[in-house]
Amino acid sequence: MTPPAPAPYLAAMLGKDLLGIETLPPAAIEAILDRADAHAESRHGEALEGRTQINMFFENSTRTQASFEIAGKRLGAEVMNMEMRTSSVAKGETLIDTALTLNAMRPDLLVVRHPHSGAVDLLAQKVDCHVLNAGDGRHEHPTQALLDALTIRRAKGRLHRLTVAICGDIAHSRVARSNILLLGKMESRVRLIAPPTLIPPGVAELGVEVTDDMERGLEGADVVMMLRLQRERMDGGFIPSEREYFHRFGLDAAKLARAKPDAIVMHPGPMNRGVEIDGVIADDINRSVIQTQVEMGVAVRMAAMDMLVTGG
Amino acid sequence: MTVITFENARLIDPDAGTDAPGMLVVRGGVIVQVNGPRPATGERLDCGGLPLAPGIVDLGVKVGEPGERHKEGFRSAGRAAAAGGVTTIVTRPDTAPALDTPEALVFLRSRARDRCGVNVAPMAALTKGREGREMTEIGFLRDAGAVAFTDCDRVAEDTRVLSRALSYAGSLGALTVAHVQEPILSAGAAATSGAFATLRGLPGVSPMAERMGLERLIALAEMTGAPVHADQITCRAALPALRRAKGGGADLTAGTSIHHLCLNALDVGPWRTFFKVKPPLRPEEDRVAVVEALLDGTIDVLSSWHTPQDEESKRLPFEAAASGAVGLQTLLPAALRLHHEGLADLPALFRAMSLNPARRLGLAGGRLAEGAPADLTLFDPDAPWRLDRWTLLSKSKNTPFDGALLQGRVLGTWVGGARVWPEPERPA
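So the sequence lines, in the order shown, correspond to chains A and B. Going by my numbering, the first residue of the first sequence is number 1386, and it counts up by one from there. Going by my numbering, the first residue of the second sequence is number 2, and it counts up by one from there.
Think of the hints as simulated: they come from the structure by calculation, not from any bench. Treat the hints with caution; some may be incorrect.
[What the hints assert, rightly or not] If you want a taste of the chain B side facing chain A, the calculated C-beta under 10 Å gives, among others: (1) Ser-194; (2) Ala-196; (3) Pro-204; (4) Trp-272; (5) Phe-275; (6) Glu-313; (7) Arg-316; (8) Leu-317; (9) Ala-321; (10) Ala-323; (11) Trp-391.
Ideal Cβ positions, reconstructed from N, Cα and C, are used throughout, including at glycine.
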């Protein structure tokens, strides 16, 4: 296990913003998870008392936005949700102008989700408050990868030397990208399972194994991470049909039997039961950690915001 | 008639492939003598032993007239060109509205004549509105002075329309300049597909889309017999087809852009939108292959694909940002990188930048020969400098070379024997 980093180094490792896993060193990842573990137990803190957190969601997400809101409130922050789709953006204001306007109101933290890759990075360059990426295009979703890591660490006791199978629409998934980066940094082995139409080009160069044979891909896996398949990709465009997809890539008991007997099943939600995952498996309290992921989401977001704003 | 003698020069003659000390005499805007006895009268100009080359003929320059004068006008484009050693800009019709009528072309030529210090050779749209549905009045447009026909970066999906437009243009001997990307496969792409695009979360396009676009164009060129120029060849996958077609019956030439020659996909770094061009920057192996193809003559023309974009259209997330980069002032110094790396001699570079485009478009420039127009540029190939984009003369400052160390500076540019750079002081 990595020894805990002293606070000043930790602040330097984290930097002003949390934009992605790509720039995060393993020690910082461990530190965030350690802090999240503590928050998961206590549920209350005062770290952000008197601070202002603004959630800017340029793309709808009830779940993630709620998770960030609860996390901020549990730390004592004033949380404000901006409905970006009905605001000045709809009147033609550019992303940068919106950011500058909000920045002038002196918030401490902006939590941003945007449909374009790199948009949160662009915004972070223009403001002097802390920025947390809550998902940008198909680029990264760092807190999702961190909450997945925390869930795995709590279930398996470690993050290294695990075999993690990620299955589903990898091509359009920021969750998959952040998880690939994080698990690679923590020295676990990642297998991607999907039809070739849903595998992003060149992804094998990132140090993962790629297969379109789900049974082979699940062989001996410690963790099975299922991804959501967007409805608009189901009919003929990327896959032939929902039922053929479920037949080949849906997680059911028979396929799961290939994984280790104690393998856990994860899903970032929202699930399509009967498309990518059999409802029985999703509800199996011995295998599925899907509810734990949601719970850890709040803890990880508390930790990330707390450490960004207070500098460690 | 004014006589100017350029003495003590290094004459770069791309036609003969020579780079030798010499002198050159200009009278009435035309080169009248290369080497030989020195005339008794007229102005004398000591070139200090530096290279004097035929001015660059930049094929594919976007000037924002009509429609986007806030990005570039003929005056600013002309100044940027002169400062970059470009003596002819071959303008693109992707204006707003598209340049697709003879009336608009007459307007454009009058604007250009009044405001632009360098030669302007306009291209016109191949199809109305560049929509790929109906051909423009190719005959009238040609009579009004269009030197070539192109829909720029819009590619007709309907192959029948394209084949008819090509054969009609071909019957008039008019050149068609075509963007070679398979239109549906490349739609919406912001990067070349691969590990980098995946990591940055950008929608990518396979370089194969370029090969497909080129293969279709080659087949159409062979079918119609029309003269065709592929605008930008940027990847290795397209080269075998290009070599094969040029060895065969098609009347085909090809170009590339300075940005694809000097930069690769990784230069985009953290979504730097000044590096967003169309087609997107390619992996290093493609860049190297394109350099080789330019040097061995498979690719004929090197140009800047000067595309001015204002700050607002670039200060956006990468996918939403506009494509294109300015290049009139950086084409020569960036191309000189190949020279300084020992890959290309100066005549070879000017063959690609001046002679070949002039020849292909039927223009008189691009040569250092008696009877050729005195479109010249004098430059110091070794002068080092660092580019500050705010010093560019173009109205738009969207260059990917901001802060780059460049070697090679234009000292003088003459168009038809008249000095356009450094700019003559205006009478008070």
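Each hint, compared with the structure:
A hinted interface residue such as Ser-194 (chain B) counts as satisfied when its beta carbon comes closer than 10 Å to some beta carbon of chain A; here the least separation is about 4 Å, so the hint holds. With a least beta-carbon distance of about 3 Å to chain A, the hint placing Ala-196 (chain B) at the interface is held under the 10 Å criterion. For the restraint placing Pro-204 (chain B) at the interface with chain A, the shortest Cβ-Cβ distance is roughly 8 Å, inside the 10 Å limit, so the hint holds. A hinted interface residue such as Trp-272 (chain B) counts as satisfied when its beta carbon comes closer than 10 Å to some beta carbon of chain A; here the least separation is about 3 Å, so the hint holds.
Taken as an interface hint, Phe-275 (chain B) does not check out: its beta carbon lies about 13 Å from the nearest beta carbon of chain A, beyond 10 Å. Checking Glu-313 (chain B) against chain A by beta carbon gives a least distance of about 7 Å; that is within 10 Å, so the hint holds. Interface hint status for Arg-316 (chain B): upheld, as the beta-carbon distance to the closest one in chain A is roughly 6 Å, under 10 Å. Contact between Leu-317 (chain B) and chain A, as hinted, is supported at the beta carbon level, the nearest pair being about 7 Å apart and thus within 10 Å.
Taking 10 Å as the C-beta contact cut-off toward chain A, the hint placing Ala-321 (chain B) at the interface holds, the least distance being around 6 Å. Residue-level restraint check for Ala-323 (chain B) is violated (minimum Cβ-Cβ distance to chain A is 13 Å; threshold 10 Å). At a threshold of 10 Å, the smallest CB-CB gap from Trp-391 (chain B) to chain A is about 19 Å, leaving the interface hint violated.
In summary, the numbered hints that this structure violates are 5, 10 and 11.
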